[in-house]
Amino acid sequence: MNALAVTAADNHTGVNGVALSVLIVLFLLVTVMGFLASRWRRSEMESLDEWGLGGRSFGTWVTWFLLGGDLYTAYTFIAVPAAMFALGAVNGFFAVPYTIVLYPIIFVFMSRLWSVSHRHGFITTADFAAGRYGSRGLSLAIAVTGILATMPYIALQLVGIQAVLEVSGLGGSGNVIAKDLPLFIAFAVLAAYTYASGLRAPALIAFVKDTLIYLVIIVAVVYIPSKVGGWDHIFTAAQHKMATTNALTKKPNGSYIPPATQYWAYATLALGSALALFMYPHSITATLSSKSRNTIRRNSAILPAYSFVLGLLALLGWVAIAAGTKPIGLDGQANPQLVVPQLFEDMFPSWFAGVAFAAIAIGALVPAAIMAIAAANLFTRNIYREWFRPSATPAQEARVGKVVSLVVKFVALVFVLTMDKQNAINFQLLGGIWILQTFPAIVFGLYTRWFHRWALIAGWAVGMVYGTVAAYNVVKPTPGGGSQHFAGSVALIPGLAQLGYIALTAFAINVIVAVVATLVLGALKTPTGIDATIKGDYFADEGDPRVIKINPGPHEYSPSP
Amino acid sequence: MAGVLLLLPIAALTWVGSYARVEPKLGAFPFFIWYQFVWVFLCSGCTYGAYRLVVRARPHRPMTHGVTHDEQAGR
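Protein sequences, first through last, are from chains A and B. Note that the first sequence covers residues 1 to 561 in our numbering. Note that the second sequence covers residues 1 to 75 in our numbering.
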């Protein structure tokens, strides 16, 4: 094994035996944990509450690991440094302010959503919309948007696993089966334990994932810069690369510090992403699985620890510039997504490179599992039960959820295998644009019933169409002399002559349409639907009874403002 | 008060012009980079402060039969 490693270390594309062995051992460890997780805080797994929300029992620390494992995906660990490496601070470092402004937002909105969901047994945001507005259409729109935006996101987790496998030398050989076999195996294992254990599996594995990630990043940030000439040299190299003119676009490669023309882009990317993140089904699932309202508030104070790590990771993209890392895929093409795994392979001893690869691969499995569960929850609750089998029992719901989680992962696998990876990344950007369009219905709905349900649907539809079209119109030239659509997520803000994140522009249009339509529909006196929630629901906490069990006094029937 | 604590990080970080520069450096790190790292800790402090304030100002009232809900000022 040692001899193999020595020869492999000299060769970028060869199989790195030691690293691969370490990766496989750690992977097997979490697989066993994934299956054993069904016994953790044991339950019968007979309902969607149990399988899909882990029985709503997670305390502060489990939630911290779960949310951290959920939100900081392998894609973050691969793509953010890749963007820093290739395009600079505006495209990459915005992730830091994004994951900072995120927490005040969670603090305010999510505790409220937790309370109302606890009282009414809501599992998804679409459940909430149905209860709050008495509108099946709005609920369906939210469910479909959630599933749509999640699919390519899961696919991207698989892209992260693939990047690690590619750098460690696996896959990529001649025929199709051998090429993708390692990915198939990782995928099958993931699917199997999600099916068996539900949300408990990623919650337990998140402990391993986060420990490994923290370990690897801290070692990387302490160890690698000294090997490439120190931070001074790193920042000089990054500044130099970003200022160099790109042969293809005839513009500088990217930005070292955002210039005044890109302030808006930087701020809107951060704010828009932060608003969008907690509309994603997988964030909602992890939030609702916590056991009390204050679990979420406490977590918004301790989760920023991950943002610090994320910032360090982003800087690794610039470290790679100074190190002269060449992210060349097994097909011989340059692929910036490989930059961090390649940096680790070049700089670390083989065994620690294996640990680092495992950290990234397991870091992809946790969110992929949660996302599949979240999409399954949405489908089961808001499409299957709502439209096909209103009489479904909790056990039937859990069974359908399990099967759907398999289907969702399969679709994601098809995404990875058939789509160009650059395309998959762009679909993720689009996912953010789409999911933010559900924000008015959900977050405004937590505070007021002023908006009319049909107006919210209208705003959603306009926002979806505008966002999709605007993203399609972002074109960049390709090396072949052609051009590519969906090439970015930043476009001119109409009427402002500044570049901004499309999601936020679409969101603003969405809100305007919703306000105008509400006024019009109000004037026409159209029916507003029945609100199943009462004001007290939004402040409920652990120990408060579920709605079904109580017999509220007449004052609790008074409508919310 | 809690609201101010929560708005502070958002306002500070969306005002990109206030920190998009190289000087003053902290060691080798440009201001742009280290300033945002500092906000990780400040934001954590702000949300924790807000949490303590909210919990103290508006303790939870268990929902039982006949409880009155006068917490409408809250979030």
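Just so you know, the hints here were simulated from the structure itself, not pulled from any lab data. Some clues are possibly wrong.
Stated by the list, open to error - Where chain A lies over chain B, by a calculated footprint (3+ residues, C-beta under 8 Å):
1) 10 to 23
2) 32 to 41
3) 48 to 55
Quick caveat: nothing in here was measured; it's all calculated off a predicted structure. Think of the CB as a built atom: it goes at the ideal place given N, C-alpha and C, for glycine as much as any other residue.
Hint by hint, here is what the structure shows:
Evaluation of the coverage hint for the stretch 10 to 23 of chain B: fulfilled, as 9 residues show C-beta separations to chain A shorter than 8 Å, against a requirement of three. Counting residues of the stretch 32 to 41 of chain B whose CB lies closer than 8 Å to any CB of chain A gives 7, so the stated coverage by that chain holds, three being the minimum. Proximity of the stretch 48 to 55 of chain B to chain A, defined as three or more residues with a beta carbon under 8 Å from a beta carbon of that chain, is established by the 5 residues found.
In the structure shown, no violation is registered for any of the earlier numbered hints.
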